[in-house]
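Given the coordinates of chain A, work out where chain B should sit on it, guided by the hints.
Chains as they are written, first to last, in the working numbering: chain A, 1422 to 1679; chain B, 2 to 273.
Rather than coming from a laboratory, the hints here were simulated on the basis of the structure.
Predicted model, so just to flag it, every value in this text is computed and none were measured.
Be aware that a few hints might be false.
Listed next, the in silico SDA-like pairs over lysine to any residue satisfying Cα-Cα at most 25 Å (straight line) [said to hold, decoys possible]:
no.	chain 1	residue 1	chain 2	residue 2
1	A	Lys1529	B	Gly169
2	A	Lys1523	B	Trp264
3	A	Lys1452	B	Gly169
4	A	Lys1529	A	Gln1504
5	A	Lys1523	B	Gln97
6	B	Lys61	B	Pro45
7	A	Lys1523	A	Gly1482
8	B	Lys99	B	Val114
9	A	Lys1529	A	Glu1490
10	A	Lys1523	B	Asn96
11	A	Lys1523	A	Leu1556
12	A	Lys1523	B	Val260
13	B	Lys99	A	Leu1556
14	B	Lys61	B	Leu176
15	A	Lys1523	B	Ser156
16	A	Lys1529	B	Arg177
Label pairs and their computed distance ranges (CB to CB) [said to hold, decoys possible]:
no.	chain 1	residue 1	chain 2	residue 2	range
17	B	Leu152	A	Ser1462	28 to 36 Å
18	A	Ala1546	B	Ile110	46 to 54 Å
19	B	Val260	A	His1614	34 to 42 Å
20	A	Ser1666	B	Val101	50 to 58 Å
Backbone N, C-alpha and C define an ideal beta-carbon position, used for all residues, glycine too.
This is what each chain is made of:
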Amino acid sequence: MTALAVSLRGVTKTYDNGIMALGPFDLAVRKGEFISLLGPSGCGKSTVLRIIAELSAPSSGSVRVARREGAPQPGHGIGFVFQEPTLMPWTSVHENVRLPLKLGGVPKAEARARTEAALASVGLADFADAYPRELSGGMKMRVSLARALVTDPDILLMDEPFAALDEITRFRLNNDLLALWRSLGKTIIFVTHSVFESVYLSQRVVVMTARPGRIQADIRIETVEPRGEEFRTSTAYGDYCRKVSGALAPSYSGQSVL
Amino acid sequence: MSAQPAITSKPRGAQRALRFVLPVIVFAAGLLAWELVVRLKEIPPYVLPAPSIIILTLIKDWAVLSQSLATTLLTTLEGFVAASIGGIALALLFNQSKWVEYSLFPYAIVLQVTPVIAIAPLLLIYLEQQTAVVVCAFIVAFFPVLSNTTLGLNSVDRNLIGLFQLYGASPQQALRFLKLPAALPYILGGLRIAGGLSLIGAVVAEIAAGTAGAGSGLAYRIAESGYRLNIPRMFAALLLLSLAGIVIYGVLALVSHLVLRRWHESALGKES
Chain A
1422 MTALAVSLRG VTKTYDNGIM ALGPFDLAVR KGEFISLLGP SGCGKSTVLR IIAELSAPSS
1482 GSVRVARREG APQPGHGIGF VFQEPTLMPW TSVHENVRLP LKLGGVPKAE ARARTEAALA
1542 SVGLADFADA YPRELSGGMK MRVSLARALV TDPDILLMDE PFAALDEITR FRLNNDLLAL
1602 WRSLGKTIIF VTHSVFESVY LSQRVVVMTA RPGRIQADIR IETVEPRGEE FRTSTAYGDY
1662 CRKVSGALAP SYSGQSVL
Chain B
2 MSAQPAITSK PRGAQRALRF VLPVIVFAAG LLAWELVVRL KEIPPYVLPA PSIIILTLIK
62 DWAVLSQSLA TTLLTTLEGF VAASIGGIAL ALLFNQSKWV EYSLFPYAIV LQVTPVIAIA
122 PLLLIYLEQQ TAVVVCAFIV AFFPVLSNTT LGLNSVDRNL IGLFQLYGAS PQQALRFLKL
182 PAALPYILGG LRIAGGLSLI GAVVAEIAAG TAGAGSGLAY RIAESGYRLN IPRMFAALLL
242 LSLAGIVIYG VLALVSHLVL RRWHESALGK ES
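Pulled out of the complex, with its shape left as it was, chain A reads as follows:
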């Protein structure tokens, strides 16, 4: 139990209007693990992330997030990537990425260096002075990722970050994200509704039921690392996708096909 990054026990969430969105939900994520939460729309996947990030309080249950020892970091060691790029349109890419450090009171020179490093890590070093609207959808998402990484968090929470992108861009970002994960060794909790994306990226796929979201299946994806395009076309990948789809199917039963 020592190497847990995040642990949720019996967590539920009931909204003010009485709708029970989640749970009871148990989840244990080891340090350095890449897991995906997969489930139908409205099953509370995003709610889980918001609860871990303390953006939303659970109605019951306990949440434990491992904190790194030493000086407190901005964001308490958590980086969050939203479904939308969620950039501030009125300022440059550099300022957007620097924001968490600015809010955390990191000295300017240090913040500048760390911002540049974060931008370089997502391949956008040349776009520091551009404004968000001048970038493509994929580039905006990279900026959003750089902003989440700039505080050097231990845990990266990603809420359907690539859902709105075209497939080619999504594949590239998937590969880049895997490369970042391998080099930085972060714990990543990735929410998606794409079976193929979850199998490709993660070590574990947690399949959730329809509302209120519970765990339907917890499937480990084991293959030769590092993963690459050959994994995406392998039969093992196809088998895993079938298995995960099978686990997901009951969540959609009783719902209209349309």
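Chain B alone, transformed into the frame defined by chain A:
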């Protein structure tokens, strides 16, 4: 995506030129018709002065009229500044505390819907004339700033609010780095309306003050010239008033464009 995306793209030149040329042609044609009608029908200047006479009056009476213009512009500016600061400050206060908003907002609306021409005589009783005129300009101009700023402050992206929360932003930081910039396009829209309205407020108050006081603004000149049947001077003063309105609007539109041009949809060319 190209590596150097275009930041501005201008509408096609011809169309751009048309937008300037057409109103000018209409204006010139209107003036010409006016001049011809007055000359051919031999209408006396105290009924309807020809454009040429109005221009001559403007030059002849420039000493008096420019003085009045300065007075009115100063009043307008004071009213506008007061309305901007007051409107933005009150909106920020509303945004910080629902209690304050619920307590005061109805009165802001009452102030807005009561015609200023009806309030002006009352203000003139209780306040010094110059102050009363500025207060009128303020009353008329302040509501659009307040309501636009409130709208802007309430339109901040929910996820960005979450992001600021995640990184432990203080209320001051959230205000300075998130809410005010996000509300800026709305605030500038409010100021653009307020600029024209504060001129209207100033004029209304000057007219209400009438010849009773020692006023010397343009509206006062119009009223006074009317009593003296100096119709060409009335037109000249009116001309100055509408020019002042156009310049105020233009300046505020330019400021808004310069501030927003790099990021906001409203300030971008159609094809960028």
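Going through the hints against the structure:
With a C-alpha separation of about 18 Å, the suggested pair Lys1529/A and Gly169/B falls inside the 25 Å cut-off, and the hint holds. Restraint check for Lys1523/A and Trp264/B: the C-alpha separation of about 21 Å stays at or below 25 Å, so the hint holds. A distance of roughly 24 Å separates the Cα atoms of Lys1452/A and Gly169/B; the hinted pair therefore holds under the 25 Å criterion. Restraint check for Lys1529/A and Gln1504/A: not satisfied, since their Cα atoms lie roughly 29 Å apart, outside the 25 Å limit.
Between Lys1523/A and Gln97/B the CA atoms are separated by roughly 23 Å; this keeps the pair inside 25 Å, and the hint holds. Only pairs whose Cα atoms come within 25 Å are accepted, and Lys61/B paired with Pro45/B is accepted, the gap being roughly 19 Å. Restraint check: the Cα-Cα separation between Lys1523/A and Gly1482/A comes to about 33 Å, which exceeds 25 Å; the hinted pair is violated. Taking the CA atoms of Lys99/B and Val114/B, the gap is near 23 Å; set against the 25 Å cutoff, the hint holds.
At most 25 Å may separate the alpha-carbon atoms for a hinted pair to count; Lys1529/A and Glu1490/A meet this at roughly 24 Å. As the CA atoms of Lys1523/A and Asn96/B are separated by approximately 24 Å, the hinted pair is consistent with the 25 Å bound. Taken as a hint, the Lys1523/A and Leu1556/A pair is honoured in the structure, with Cα atoms around 23 Å apart against an allowance of 25 Å. Under the criterion of a C-alpha separation no larger than 25 Å, the hint pairing Lys1523/A with Val260/B is consistent with the structure, at around 23 Å.
A threshold of 25 Å between alpha carbons decides the hint, and for Lys99/B with Leu1556/A the separation of about 38 Å lies outside it, so the pair is violated. Between the alpha carbons of Lys61/B and Leu176/B the distance comes to roughly 53 Å, so the proposed pair goes past 25 Å and is violated. Of the supplied pair hints, the one linking Lys1523/A and Ser156/B holds, its CA atoms being roughly 23 Å apart against a limit of 25 Å. Distance hint between Lys1529/A and Arg177/B is fulfilled; the C-alpha atoms sit about 18 Å from each other, no more than 25 Å.
Checked against the hint of 28 to 36 Å, the C-beta distance between Leu152/B and Ser1462/A comes to roughly 30 Å, which is consistent with it. The given range of 46 to 54 Å is respected by Ala1546/A and Ile110/B, whose C-beta atoms sit roughly 52 Å from each other. Hint check: Val260/B to His1614/A, Cβ distance near 40 Å, so the stated range 34 to 42 Å holds. In this structure the supplied range 50 to 58 Å holds for Ser1666/A paired with Val101/B, their Cβ-Cβ distance being about 54 Å.
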